[in-house]
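Could you build all of it, start to finish, from the sequences and the hints given here?
In the order they appear, the protein sequences are chains A and Z.
Just so we're aligned: 52 in our numbering is position 52 of the first sequence, and the numbers increase by one with no gaps anywhere.
For our numbering, count along the second sequence from 1 and bump the result up by 10000.
Bear in mind the hints are in silico, worked out from the structure with no lab data behind them.
Incorrect hints may appear among the rest.
With a Cα cut of at most 27 Å, we get these calculated DSS-like pairs of lysine-lysine [to be verified]:
| # | chain 1 | residue 1 | chain 2 | residue 2 |
| --- | --- | --- | --- | --- |
| 1 | Z | Lys10373 | A | Lys332 |
| 2 | Z | Lys10907 | Z | Lys10953 |
| 3 | Z | Lys10874 | A | Lys412 |
| 4 | A | Lys206 | Z | Lys10202 |
| 5 | Z | Lys10665 | A | Lys208 |
| 6 | A | Lys172 | Z | Lys10167 |
| 7 | Z | Lys10585 | Z | Lys10790 |
Quick caveat: nothing in here was measured; it's all calculated off a predicted structure.
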Amino acid sequence: MSLILNRRTFLRGAGVACALPFLECMAPEVAAAESTVRPKRICFVYFPNGVGLPPKENKHHQDWSWFPSGEGDQYKLTKSLEALDGFRSDVSILGGLSHPLSREVLGHAAGDTWLTGGDVRGSSYKNRISADQLAARTLGEHTRFPSLSLSTDGGVGYKSRVSTLSFDANGKPVPSEHRQREIFERYFSLGGGATTKERRKSLKKKKKIVDLILDDSRRMKKMLGYKDNQTMDQYMTALSTVEGQVLRNEKWLDVPMEDVDSSNLNLNTDVTIDPESYIRATIDLMVLGFQTDLTRVMTYMIAREDGMGFGENFPNLALGIKKGHHGISHDKAEDHWVEWGRYDAWLTSQFAYLLKRLKETRDQHGPLLESTLVLYGSACSSTHNARNYPLVLAGGHSMGVKHGEYHVFEEKHTPMSNLFVSMLRATGVSVDTFADSTGPLPAIFS
Amino acid sequence: MTRSHFSNSMLTLLVMWLMLFSLPYCGLNVYGQTSDDSAVFSPTAATRLLAKYCYDCHSNGEANGDVSLDTFDIEMAGGKDAEAWKSVLDVINSGDMPPEDMPQPSDTERRQLTRWLTTSLQRVAQEHEAAPSDGVRRLTRAQYTNTLNDLLGVSVNFGDVLPEDGKSEMGFSNSASVLQTSSLHVDYWEQLARTALDAAIKTGPRPDALRLRVTFGENIDSQPDTRSGAEIRGYQAIPISKVDFKVDFLNQQGDPIEIADPNAIKEQLAKENVVGIGMRGSANDRFTMRPEGVLLYSAVPHKETTPKSWQGPSPNLKILFRDVLPIAGDFRMRVEAAKASFEEKQVYREGFISLRTQTPAALTENTITFLAKDCGSTKGMGIDDGVLYSTDLPKRSAAKYTLEVSQDGLYQIDLVHPWAPQDRMPSLELSIDRFREQQRLNFSARDSEKSRITTPVTLAWLKKGKHKLRVGGRFFVGFEKVIVTPLSSEDHVTQSLFGEAEKNQTKFFSATPSLRAFAGTRTDDGMDYRTFDDSKTLSETVGEFKQLDFVGRLENLPMPFYDADSADPLANIAIFGLWNDYLVKDRADSGPPVLLKSVEIEAPWFPVWPPKSHTDVFFPASELDTHVTPNGEAYTRAILDRFVSRAFRRPATPAEIDRYLEFWKATKDDAENYHQSVKEVLVAVLCSPNFLFLVDSIDTEEASTEALQSQLASKMSYFLWNSPPDETLVNLAREGELVRQKVEQVDRMLDDPKVWRMVRTFAREWLRLDRHENIQTNVQLYPEYTRFVKSDMAEETYHFLHHVLTEDRPAMDLIDSDYAMLNQNLAEFYGIEDVIGSHFRAVSLDSTRHRGGLLSQGAFLCGHSDGSQAHPIKRAVWLKEKILGETPPPPPPNVPDLDPEKPGFAKLTLKQQLELHRDKPSCLNCHQKIDPYGVVFQNYDAVGRYQAKMDGKPVDAKSVLPDGTEVDGIDEMKQYILEKKQDQFLTALVEHLFAWAIGRDVRFSDEQEIAEIVGRVKTDGKTLRSVFRQIVQSKSFSRN
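Laid out in structure tokens, this is it:
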């Protein structure tokens, strides 16, 4: 505490008129005060290869076309989304959205850009920061970990076939985690271990350097000899912001982990035998993470595009369907619509499990779902057609989100990035634009 | 009435201003005012005049052209709205306002108003002058990279990860007003400082490099027990057979590693089996294996459609590595190759030959037709309505036939098949024996109506006898028939193919091929790649092998995301590749072929150890005058002194060094070793504002000569090189000699290769080459506009500016020149013959070519089109803004669209369509001053080619400019500028270079100085070089 005051006096006394916004957060008294503010969370869940969309004339259209029939609040769910029936007031179904730059990338590569809106066409892969990582920059200031990126397959995959949803500010993929026991041990267990020592050391280094630079800046300003120097002031404000971050990170190293009840977690599932148990165990970990405020930003890639990874086999393991997921999506046989639809419905039921758990789990303000904005969907409507992504938005009632309708947007006017602009703003991240957005989404968000 | 508003002091002031009127340095002559109008004027009177003639359109919510005069501060208190009033003054002076058809002020009224505005502006200018600017601006991304690279001796694009810099109104990123600093920058600078110092400082022994050599030759690796190499597959892969190349891992001396133990050999091979050779994107008949190597014809760029255009030109050779490459450091690719002979006539060797035309063969009595329904052997297929289709699209399917050929000869193979939508990825794969052709089919809108489509697949030279024919593949489109048509020796296709070999031999007999290297990552449909180093020429003697070294930096190339856990067979695959850079455009042309014998890769590559970057920081203690203990305090002090002075671009003060030394002492015990402890201090140095910011004007009273001249050295080097000063400049500054030798230094610096850094950045920002980079050109309309043409056009402009600068050419060359900077590829695109080789050089052209000067260059013309046709308005605005220095006002919001439904609209020429556009009175006012400047470019289509006729009609490029001059086409426009607008162009040129040099946009208060510079340029030879010289000597730049 005294350290903080010293720093503040030091800077003020040097005649620097700059804001020191976050240092207050470090004081324990104020941390308690912070908990009266309801947190805002954001979460993304992805499945590959699009969804079954039998044409209108086809006899299976009524049962197994993923998008509902009707519009607005009068929409009627088909069997594919049946599992959402009990959640009508918690979800909005979105049609017509896609990323303009990915519409021509031959399908599967669009998965690289679902959360980024980047440009991966042709022979020059230019990806961008993903919406979750952008959110993490702001939301990460309140939690021990800025974000959590999960997947069934782990790692990053490779360009045009990634196995993670998250990309950093340089457009490089953030590795996703998939080993449940390791995830639990790393994030939820007490102690922290060797990494804490490393972190402490590197934070100390950074602090010393920032001190030295601040000193340099004061002298430079004096040497420049003018009363008001906007450039230098801006620079020194930036420095103090960085310093605040360093101090905050350091403080977290001292805050003890909350003791969590992990007795109902099953960390012994085998994804190659029982995918449903595996996926639900991951979902349980996510809910636990939100409940303990470990982080407020999460992504989960249930399966990879193009028949890669464990997910390809899920239809067989879970429903006894002969073909793999990618195979079904390319099938032309008549009943493949039924198979595809059944698998879509199975995926929906996993998503419904997430919604159920978020609804029944509470923090001190109420059900988690009310303060968590969730997006579920894919980057192709049906395989290789990177338009009209199947998307369901859920939760976030306390963040100004109004559910209960099926919205269809016009591709020409509304790029998918507009959805991210609205989601980020609802989460408290002030953005003017995201990737190629043209404004906020014209619905759902207040 | 007006007098009563004045107090005595105001009156005194006014008299003083009137006196100042007559002082010459006020430069009033610019406005043509006479001094005998002594009417006293006031803000109220000015407002009254404005209300009378201007407020109708420009007040009370009416804001035509975005101008609301009633919201501007008429008193210009503290300089407020001064820029806006300047614009008002300009349009009144030029007679543009009020518009012709509106009531005009009397001569007296006009004079009163303009004089009043002029004097007010003069006052503001003087006030402004007394208050200096901030005096400091941060390095731009490019400057940051150049500065680190020069300081540390490491060539990595460090600044690429920094957030993009904004652009000022004049378009420059080095402008103080747009160079913001955020906490993100601070975080990045710290990380980058560490990364850069880690790359420069290398302690310990020289690390083991990956060294391997691939040697090519038909059947060179025939022994199965010891065979190395892999065949990496995937979509449309064309791997070279394992028997045709050999992989050797080399020891540090460059010799193949000898392993005696047979088990160890197996282990070694497993390591070597991560290397494969791929030819994806290459036509079958443009490469072949020979005993001494692989033969590569000249590369033909693909039309820009997916996925072929993503796979490199045809042919290109790729070395594919899985997992083995390091991720950072310099690397060397050593290639052994020669110009190959033409002896063997391709056409007599068995194999596939790419089609020369896209026409199905005419059926003859000898045509062999294979029907789907008669196929006896299929895999993964089902039959429906006579069509065999794939039952599991993503999997490979096959229909097999036996083809019996009665004589050696040329055949064409066509496929008859149904239509399929694009999201089914309709593809086909045809193989005959070991020859294979793979295609992705692109259908036109009309094709969807047809029940059957005939697609020509390939030509083939086949020997007499039985052959295995297979058709199918992944995402197979299905088929009804395979048609094999023999082409007789009289057939025109046969004739031309036979003739080709002869023609190629004659055409390319004396041509010398060159090689281009590239590197990147394999992606599913193609590759993410970039070329590196230069194109290098081989020996002109056939069969004379030459060793070529291509050097690059791994961090600067699109290497894979390495995922150690990944089990994907296609993950982590890095590519190093080559193509024959004597580019040709016609698939019938072989170009001079290259015989490639071997490729050797060494990564990381260190020419010396420890690297120079390390010893530049940690120089030997023996270099110092006094004896010091290595790694002790005195040694550290010396290191810091040298480094800090270089980093801060001025001599370090003893107090500064003391502080850094204290920092070192306080932190050194946490470090692993001595070098790491010093590195920590250097990180702090590279995060200091003294490094990150350019100081424009330190307090001159207190500063030493050395400090002042160091500041000048910095200003000069960032102006002319976009980089920090070099040793010569630093030494001159230290000796106090720089001011005296300013002009000589400018000349030296302009001749230094580092001037390219400035040319590329300045030209890109001034001439808006970013628009060229981002334009999406319609490749269906312009199939010859490949990515090679696109990048060569940008190079044309950069080389042109560089040439005018370094050859001391007249500045007016920028408007019209009797030469253009071209290479072979671009010259051929423009229709200019006899330019050989991929390097750029000045080619003399007469005016019939319409290629001289900036106004006729592809990068400008393409970037200012709409991708399908010329865009005269974009071109007009560019011409006015960038060349003539008159920025037109922006369009109002909600400009209504032209009505294309109007009958006969489509039949009008673009000029007539524009005239319709302008016909609306609200548009006419601005557009009659804009459009005429764009119509003159109408002969240049959307890809910058000059056409006398378009759509069968002669092009109408006649224009009437606002001053009444008639110009017909680009040549007369250039003449007009040369004759009537030279001063205006020179002023615009000086303004842009001035803004770049000073680091802020030009303000109206600079007008006088700019005019003076233009005047001196005219007496200094009026060359582009003289502009640089005069700007460096100008008051605003030098200040001393």
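These are the hints, each one checked on the structure:
Proposed proximity of Lys10373/Z and Lys332/A is supported: the alpha carbons are some 20 Å apart, at most 27 Å. Note on Lys10907/Z and Lys10953/Z: the hinted pairing holds, with a Cα-Cα distance of about 11 Å set against a maximum of 27 Å. Using a Cα cut-off of 27 Å, the hinted pair Lys10874/Z and Lys412/A holds, with the two alpha carbons roughly 24 Å apart. Straight-line distance between C-alpha atoms of Lys206/A and Lys10202/Z comes to about 22 Å, which keeps the hinted pair within the 27 Å bound.
This hinted pair checks out: Lys10665/Z and Lys208/A have alpha carbons roughly 12 Å apart, not beyond 27 Å. Straight-line distance between C-alpha atoms of Lys172/A and Lys10167/Z comes to about 26 Å, which keeps the hinted pair within the 27 Å bound. Under the criterion of a C-alpha separation no larger than 27 Å, the hint pairing Lys10585/Z with Lys10790/Z is consistent with the structure, at around 14 Å.
Comparing the model with each earlier hint shows no violations; every hint is respected.
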